[in-house]
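Input sequences plus hints: build the corresponding full structure.
The primary structure of each chain is shown beneath.
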Amino acid sequence: MTTTTPVMAPVPPGDRETGRPRRRAARARRRLSSPAASTIAVVIAVLWTVPTFGLLITSLRPELDIRRSGWWTFFTDPEFTLDNYNQVLYGGGTDFSTLFVNSLVITLPSVVIPITLALLAAYAFAWIKFRGRNVLFVAVFALQVVPIQVTLIPLLTLYVDGGLAGSFWTIWLSHSIFALPLAIFLLHNFMKDIPASLVEAARMDGAGHVRVFFQVLLPLLTPAIAAFGVFQFLWVWNDLLVALTFAGGAPDVVPLTVRLAEMVGTRGSDWYLLAAGAFVAMVVPLVVFLALQRYFVRGLLAGSVKG
Amino acid sequence: MQWFLEANSVGHKIALMVFAILLFAVVMGGILLAVDRPKRVPTWVVVAGFLGPTLALLLLGLVYPALETVRGSFYDRRGEEFIGFDNYVTVFTEDGFQTVLRNTVLWVVLVPVITTALGLVYAYLVDRTRFESLAKALVFLPMAISMVGAGVIWRFVYEFRPDQPGVNQIGLLNQALVLFGIEPQQFLIDAPSNTFYLIVVMIWIQAGFAMTVLSAAIKAIPDDVVEAARLDGVSGVQMFRYVTVPSIRPALVVVLTTVAIVTLKVFDIVRTMTGGNFATSVVANEFYTQAFRQFNFGLGAALAVLLFILVIPIIAYNVRQLRLSEEIR
Numbered sequence: 001m002t003t004t005t006p007v008m009a010p011v012p013p014g015d016r017e018t019g020r021p022r023r024r025a026a027r028a029r030r031r032l033s034s035p036a037a038s039t040i041a042v043v044i045a046v047l048w049t050v051p052t053f054g055l056l057i058t059s060l061r062p063e064l065d066i067r068r069s070g071w072w073t074f075f076t077d078p079e080f081t082l083d084n085y086n087q088v089l090y091g092g093g094t095d096f097s098t099l100f101v102n103s104l105v106i107t108l109p110s111v112v113i114p115i116t117l118a119l120l121a122a123y124a125f126a127w128i129k130f131r132g133r134n135v136l137f138v139a140v141f142a143l144q145v146v147p148i149q150v151t152l153i154p155l156l157t158l159y160v161d162g163g164l165a166g167s168f169w170t171i172w173l174s175h176s177i178f179a180l181p182l183a184i185f186l187l188h189n190f191m192k193d194i195p196a197s198l199v200e201a202a203r204m205d206g207a208g209h210v211r212v213f214f215q216v217l218l219p220l221l222t223p224a225i226a227a228f229g230v231f232q233f234l235w236v237w238n239d240l241l242v243a244l245t246f247a248g249g250a251p252d253v254v255p256l257t258v259r260l261a262e263m264v265g266t267r268g269s270d271w272y273l274l275a276a277g278a279f280v281a282m283v284v285p286l287v288v289f290l291a292l293q294r295y296f297v298r299g300l301l302a303g304s305v306k307g
Numbered sequence: 001m002q003w004f005l006e007a008n009s010v011g012h013k014i015a016l017m018v019f020a021i022l023l024f025a026v027v028m029g030g031i032l033l034a035v036d037r038p039k040r041v042p043t044w045v046v047v048a049g050f051l052g053p054t055l056a057l058l059l060l061g062l063v064y065p066a067l068e069t070v071r072g073s074f075y076d077r078r079g080e081e082f083i084g085f086d087n088y089v090t091v092f093t094e095d096g097f098q099t100v101l102r103n104t105v106l107w108v109v110l111v112p113v114i115t116t117a118l119g120l121v122y123a124y125l126v127d128r129t130r131f132e133s134l135a136k137a138l139v140f141l142p143m144a145i146s147m148v149g150a151g152v153i154w155r156f157v158y159e160f161r162p163d164q165p166g167v168n169q170i171g172l173l174n175q176a177l178v179l180f181g182i183e184p185q186q187f188l189i190d191a192p193s194n195t196f197y198l199i200v201v202m203i204w205i206q207a208g209f210a211m212t213v214l215s216a217a218i219k220a221i222p223d224d225v226v227e228a229a230r231l232d233g234v235s236g237v238q239m240f241r242y243v244t245v246p247s248i249r250p251a252l253v254v255v256l257t258t259v260a261i262v263t264l265k266v267f268d269i270v271r272t273m274t275g276g277n278f279a280t281s282v283v284a285n286e287f288y289t290q291a292f293r294q295f296n297f298g299l300g301a302a303l304a305v306l307l308f309i310l311v312i313p314i315i316a317y318n319v320r321q322l323r324l325s326e327e328i329r
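Quick note, the sequences are listed as chains A and L, same order.
Counting from 1, position 197 in the first sequence corresponds to residue 197 in UniProt numbering; the numbering is continuous, with no gaps.
Counting from 1, position 320 in the second sequence corresponds to residue 320 in UniProt numbering; the numbering is continuous, with no gaps.
No wet-lab data here; the hints were simulated from the structure.
Among the hints, erroneous ones may be present.
Computed from the model, here is a short list of chain L residues facing chain A with C-beta under 10 Å [stated by the list, open to error]:
#, residue
1, E6
2, A7
3, M28
4, V35
5, T54
6, S146
7, A150
8, Q175
9, L177
10, F180
11, I182
12, R241
13, I312
Simulated coverage check for chain L against chain A, where a stretch passes if three residues somewhere in it have a Cβ under 8 Å from a Cβ of chain A [as the list claims (entries may be wrong)]:
#, segment
14, 99-113
15, 259-270
No experiment lies behind these values; they were computed from the predicted model shown.
Yeah, the Cβ is synthetic: ideal placement off N, Cα and C, and Gly gets one too.
Right, dumping it as structure tokens:
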């Protein structure tokens with residue numbers, strides 16, 4: 001849709017004029033990082049960090065302290081415990097360790113399946129010539145517009161009729177289907193960037209489309225796959241709506257997000273549980289995100305965001 | 001059969017997951033092998049192998065359900081009796097839904113505008129400074145947190161304790177109020193301001209996205225343009241106003257419309273923080289409540305269709321703006 005990062009060749013500075021522009025550039029830069037500008041930047045950075053930090057501290061304080069005083073008193077009166085995590089992970093009423101497994105079991109197939117399908121579809125749209133190709137591609141592209149809410153009631157009916165209701169299959173299928181339009185669009189963009197001569201040369205050598213796909217294109221597409229993979233992983237792990245709709249009543253299937261949201265309703269003032277629970281739910285996406293941030297940003301810039 | 005549907009131990013669940021992935025791999029592998037015979041295969045067979053499973057899933061899981069929902073929106077709560085536009089009339093006339101619509105408008109206007117403005121200013125301020133990557137990472141991090149997690153984080157910021165001697169505030173915001181001698185507030189309960197406190201959470205999540213895209217756009221502004229402006233003696237604020245903002249206009253439109261669409265469908269934040277009570281509900285949350293809590297399928301379907309219809313003008317605007325900017329180039 002948009003390429004927000006056209007590559008610009010840096011302009012080498014001319015020898016004769018280095019003196020004046022440099023000085024001006026330096027002055028401009030100083031002005032940009034003026035005290036007012038720095039203050040605004042620091043205020044924003046602090047506002048964006050403190051809420052999470054406060055809950056993290058809370059998750060490590062004893063239950064009684066959390067009830068009696070704010071988390072900021074931790075710095076004057078540090079009391080540290082892992083009891084909250086123990087309670088939320090293995091406690092009878094919460095059992096987040098099981099939900100953690102559910103989240104993992106939900107997420108992996110919901111990332112692998114749509115990426116594979118989308119890669120094949122994107123290949124067909126990019127490199128196989130057939131009648132109606134453009135019309136079909138535009139149709140798939142346009143499906144990105146459909147809000148998933150529009151599909152939920154009939155899909156649930158289909159799953160109930162098919163005897164799948166309340167199993168992992170409903171969630172795997174739903175996430176895979178919902179991911180396809182955006183995945184095909186993004187991967188198609190990346191695939192089009194590969195030089196046609198590469199594909200044509202392989203075809204001339206007598207390789208069929210399946211061989212070209214696996215031997216020529218797949219190795220070149222690793223960064224694109226990583227980009228969409230991170231994206232889809234975060235999306236599925238953090239999803240509430242799909243899991244709530246299709247597994248809301250099945251305790252063996254529900255992921256962390258669903259139970260956490262439920263706990264806010266039923267145990268809304270038990271902050272020792274909510275804080276620790278929130279961080280159990282957050283730790284995997286945070287690690288994935290920090291480790292693969294580069295790819296995530298690339299994916300973001302290559303298209304736009306699914307919603 | 002039971003084994004495939006009900007997994008209740010950790011080992012069983014993981015086995016089922018591996019089975020699902022393997023099943024998928026075997027089916028797809030079989031299809032690809034079938035179309036990759038050494039003999040000449042007609043193109044349509046190859047295309048069917050590459051595209052067939054995807055198109056089948058899209059038809060079954062997106063196209064058919066969407067059409068079915070549109071149909072259902074004209075039927076009563078059990079989907080049995082045709083009632084014309086009654087569901088839509090309810091959505092647009094009943095008092096409760098007036099609040100829902102008003103809230104949705106507030107979200108869709110405020111979140112994109114404030115998010116984009118904040119993201120732009122922040123991206124501009126930290127651009128080419130020494131701590132740029134750290135500064136960006138801090139604002140970007142909420143993107144990795146689920147909206148449910150963000151809801152929990154911010155509920156704690158807004159936490160209220162009655163204003164009595166011996167009771168300490170444990171929510172950061174109320175503690176700040178108390179420090180300034182103001183009475184603590186029930187931020188999430190007092191309407192209509194509570195909607196604004198929920199909107200803050202969405203801005204907090206989305207600002208990282210706006211910042212990232214806009215920062216990339218700022219870096220893509222040609223050096224000679226910036227240099228020329230500097231030679232003309234343009235100040236920092238003027239540079240921002242007359243060089244930076246016009247140069248990244250297409251990126252601004254993309255960010256505004258993308259955030260608007262995500263915001264229109266916001267559900268998790270409202271569900272987690274207030275459950276849609278205290279006059280904070282929005283269309284996407286009301287859809288869930290009507291369809292899956294009240295079991296009024298007709299009304300739920302009408303709300304879903306309304307979401308769909310509201311997305312269309314935003315996309316149309318986006319496409320138009322992109323066309324315009326391409327023409328200029």
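Going by Cβ atoms only, is Q175/L closer than 10 Å to chain A?
Since chain A brings a Cβ to about 5 Å from Q175/L, closer than 10 Å, the hint holds.
Agreement of hint E6/L with chain A interface, Cβ distance less than 10 Å:
holds, 7 Å
Can the segment 259-270 of chain L be counted as covered by chain A under the rule of three residues or more with Cβ-Cβ separation shorter than 8 Å?
As far as the segment 259-270 of chain L goes, the hint holds, because 6 residues have Cβ atoms under 8 Å from chain A.
Hint status (Cβ of T54/L to nearest Cβ of chain A, threshold 10 Å)
At 4 Å from the nearest chain A Cβ, T54/L passes the 10 Å test, so the hint holds.
Quick check: do three or more residues in the segment 99-113 of chain L have a beta carbon closer than 8 Å to a beta carbon of chain A?
Three-residue rule not met by the segment 99-113 of chain L, so violated; n is 0.
Restraint outcome when S146/L is required to lie within 10 Å of chain A by C-beta distance
With a closest approach of 3 Å, the S146/L hint holds.
Hint L177/L vs chain A: min CB-CB distance below 10 Å?
Hint on L177/L: violated, closest Cβ of chain A at ~13 Å, above 10 Å.
For the restraint on A150/L, tell me whether the closest CB of chain A is nearer than 10 Å.
holds, 8 Å
R241/L as an interface hint toward chain A, with CB separation required under 10 Å
violated, 14 Å
Hold the hint about I182/L up to the distance rule: shortest CB distance to chain A must be less than 10 Å.
violated, 16 Å
Against chain A, with CB atoms and a cut of 10 Å, does the hint on I312/L hold up?
Hint holds; I312/L Cβ to chain A Cβ min 7 Å, cut 10 Å.
Should the hint that V35/L touches chain A count as held when the rule is a Cβ pair under 10 Å?
holds, 7 Å
Violation of the numbered hints given earlier is confined to hints 9, 10, 11, 12 and 14; the remaining hints are satisfied by the structure.
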